[in-house]
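Residue numbers (numbering that gives the first Met the number 0), protein chains in the order written: chain F, 0 to 78; chain P, 0 to 254.
Think of the hints as simulated: they come from the structure by calculation, not from any bench. Since the structure is predicted, the reported quantities are computational estimates derived from the model, not experimental observations. We treat Cβ as the ideally placed atom computed from N, Cα and C, and that holds for glycine. Mixed in with the good hints there might be a few duds.
[Said to hold, decoys possible] Within a straight-line C-alpha distance of at most 25 Å, the following computed BS3-like cross-link-like pairs (lysine-lysine) qualify: (1) P:187 x P:226; (2) F:62 x F:51; (3) F:26 x F:53; (4) F:53 x F:15; (5) P:9 x P:52; (6) F:37 x P:25; (7) F:51 x F:26; (8) F:26 x P:52; (9) P:187 x P:26; (10) F:15 x F:51; (11) F:62 x F:15; (12) P:52 x F:37; (13) P:21 x P:104; (14) F:15 x P:52; (15) F:53 x P:52.
[Unchecked claim] Quick look at which bits of chain F chain P covers, simulated, 3 or more residues with Cβ under 8 Å: (16) 16 to 29; (17) 34 to 44; (18) 61 to 75.
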Amino acid sequence: MWYLERPSVFNGEIMKININGHVENVKASNLYDLVLEKELQLDSVIIEHNLKIKRRDSWPTEKIMENDTIEILRFVGGG
Amino acid sequence: MESGLILGGKSFTNRLFTGTGKFRSKKLISKMLEASGSEMITIALRRVDLTSKEENILEYIPDNVTLLPNTSGARTAGEAVRIANIAREAGCGNFIKIEIITDMKYLMPDNEETLNATRLLAEDGFIVLPYINPDLPLAKKLEEAGAAAIMPLGSAIGSNRGIRTRELIEILIDCCSVPIIVDAGIGKPSHAAAAMEMGADAVLVNTAISAAHDPVRMGEAFSYAVKAGRMAFLAKLTEESKEANASSPLTGFLR
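Next comes chain F alone, as it looks inside the complex (with noise of 0.2 Å):
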């Protein structure tokens, strides 16, 4: 998959945010790489990046930064 070939851009630093209640540290970035980084499927979630939903084609260059709240989402089976 194209997405796989993509040179990483992590630069080796290490940010600490929240992701989904939890806070973590992690070396992505910006949205991609971390999806990337979370081995998630890129097609299959939603980022919502500081309460804003973010487009899927945006996730490259929207930038990551120190104590940001991330919420990665997807549907799931309810009534």
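On the provided structure of chain F, position chain P as indicated by the hints.
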């Protein structure tokens, strides 16, 4: 032939709406949809479990089936609005089932918060289907607020106890101008048929199908029940009476 049920400008020929919760395998969802012919299905939004691999449920729902995201997990109108916006942004369309619950024992919907959320979301262009405890004054306020349909509960979610709120739902059917979709508590096809015979416009069934031993066959059974109930309603049921009314002539006996 009867024209379909119109919701948000879309016509639904099949009046059985289904849910995606509690299926043993997600593959059964597509098979159930095929067997039942259901054209509308609910989904929920949750945080990804970052520690486990999960499948994408949308892969199992064909394009011709309308998605009805619900706001389950919301405890206030504000939370429901947030979930609705995320679902729309994620490309799930404009339909939203408002489900606002704070009572965790009976999962009773909070009617007041549901009305607040309906106002906000209908104004914002959503096709709003609020899940409520059947109450006529509330239903009229929901209509005014722009609800596309009203979804009264038959009994508690997942309880399979059938249409325990029958009299209250009958009042809604009598007095509301928007479609009435009976949601929650329908445990068997006969319950669904009963709701349709009463004049409900559609029913939403999840647990009774997904938790059945054979969800695919059960989906088909519900589809027949809903069609039969609807047809009986249109054909107009005969009156009940306490005493017998002979079906054979009471004259010309051979005796």
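Evaluation of the provided hints:
no.	hint	result
1	P:187 x P:226	holds (14 Å)
2	F:62 x F:51	holds (13 Å)
3	F:26 x F:53	holds (20 Å)
4	F:53 x F:15	holds (20 Å)
5	P:9 x P:52	violated (35 Å)
6	F:37 x P:25	holds (23 Å)
7	F:51 x F:26	holds (21 Å)
8	F:26 x P:52	holds (21 Å)
9	P:187 x P:26	holds (22 Å)
10	F:15 x F:51	holds (19 Å)
11	F:62 x F:15	holds (14 Å)
12	P:52 x F:37	holds (11 Å)
13	P:21 x P:104	holds (18 Å)
14	F:15 x P:52	holds (24 Å)
15	F:53 x P:52	holds (22 Å)
16	16 to 29	holds (count 3)
17	34 to 44	holds (count 6)
18	61 to 75	holds (count 6)
In this structure, only the earlier hint numbered 5 is contradicted, and the remaining ones agree with it.
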